[in-house]
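Student: Sequence:
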Amino acid sequence: MGYWKRNKDSIHFRQLDSSFKIINKIVTANTGKKMITVRLFDLGGNNITAKYRAAQWVRGKGSYTMDLDSSRTFRTDIRRDSGFIILASIENKLGIKNNIPVVPDADTYDIYLNDLSILDWVYFKNSYWLARGDFSMLIDNDGLITTTDYPDEYYFPAKLVYCKE
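To convert a position in the sequence shown, counted from 1, into the numbering used here, add 57.
Wrong hints could be hidden among the right ones.
Derived pair list, reagent style BS3-like, types lysine-lysine, alpha-carbon separation capped at 25 Å [stated by the list, open to error]: (1) Lys154 x Lys108; (2) Lys91 x Lys62; (3) Lys118 x Lys62; (4) Lys90 x Lys65; (5) Lys118 x Lys90; (6) Lys108 x Lys62; (7) Lys82 x Lys65; (8) Lys82 x Lys62; (9) Lys118 x Lys154.
Estimated spans, in silico, between C-beta atoms of each pair [to be verified]: (10) Lys78 x Lys118: 19 to 29 Å; (11) Phe213 x Pro158: 13 to 23 Å; (12) Asp99 x Ala215: 35 to 45 Å; (13) Phe213 x Ile68: 21 to 31 Å; (14) Lys118 x Asn149: 42 to 52 Å; (15) Ser127 x Leu100: 49 to 59 Å; (16) Asp124 x Arg63: 38 to 48 Å; (17) Ile196 x Asn87: 47 to 57 Å; (18) Val84 x Arg129: 16 to 26 Å.
It is worth saying that the hints were derived from the structure and are not from the lab. We treat Cβ as the ideally placed atom computed from N, Cα and C, and that holds for glycine.
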């Protein structure tokens, strides 16, 4: 996920840096439950909890995946001491960490995300880009060609071509 700029016959891609804000806002409530409940929403207020994995992370112990309920509208886990809510699948794709502290006076977290529509394309179209970070590609009549050489099946340097369909 990032920005791109076209210049004549090439496209330059620049990866998002850690200043990109995944979370727009968080609304918390205390309903008196012993469980932590997390719901994820897009900017339009649509519940998108089922699309992304959330977990509760505890320093020195690891992460505990939050279970998706049968209605697929919220995720739950028991309250863990010194826990943080992490949006694991989003963080893995973007490489940007967002630790939301689990506070004693809240058990429900409604998390509104900024526009992550590019992740939908990545997840559901099975795209695979070998390049990480900033990279460039050349525009050709048949598609896009990498400017970096990658090893082929015999470990010889080769350019990759992403063909138009």
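Student: Are the hints correct? Go through all of them and say.
Tutor: Going through the hints against the structure:
{"no.": "1", "hint": "Lys154 x Lys108", "in the structure": "holds (18 Å)"}
{"no.": "2", "hint": "Lys91 x Lys62", "in the structure": "violated (49 Å)"}
{"no.": "3", "hint": "Lys118 x Lys62", "in the structure": "violated (43 Å)"}
{"no.": "4", "hint": "Lys90 x Lys65", "in the structure": "violated (58 Å)"}
{"no.": "5", "hint": "Lys118 x Lys90", "in the structure": "holds (23 Å)"}
{"no.": "6", "hint": "Lys108 x Lys62", "in the structure": "violated (29 Å)"}
{"no.": "7", "hint": "Lys82 x Lys65", "in the structure": "violated (39 Å)"}
{"no.": "8", "hint": "Lys82 x Lys62", "in the structure": "violated (29 Å)"}
{"no.": "9", "hint": "Lys118 x Lys154", "in the structure": "holds (18 Å)"}
{"no.": "10", "hint": "Lys78 x Lys118: 19 to 29 Å", "in the structure": "holds (28 Å)"}
{"no.": "11", "hint": "Phe213 x Pro158: 13 to 23 Å", "in the structure": "violated (50 Å)"}
{"no.": "12", "hint": "Asp99 x Ala215: 35 to 45 Å", "in the structure": "holds (39 Å)"}
{"no.": "13", "hint": "Phe213 x Ile68: 21 to 31 Å", "in the structure": "holds (25 Å)"}
{"no.": "14", "hint": "Lys118 x Asn149: 42 to 52 Å", "in the structure": "violated (19 Å)"}
{"no.": "15", "hint": "Ser127 x Leu100: 49 to 59 Å", "in the structure": "violated (26 Å)"}
{"no.": "16", "hint": "Asp124 x Arg63: 38 to 48 Å", "in the structure": "holds (44 Å)"}
{"no.": "17", "hint": "Ile196 x Asn87: 47 to 57 Å", "in the structure": "holds (54 Å)"}
{"no.": "18", "hint": "Val84 x Arg129: 16 to 26 Å", "in the structure": "holds (20 Å)"}
Checked against the numbered hints above, the structure violates hints 2, 3, 4, 6, 7, 8, 11, 14 and 15; every other hint is satisfied.
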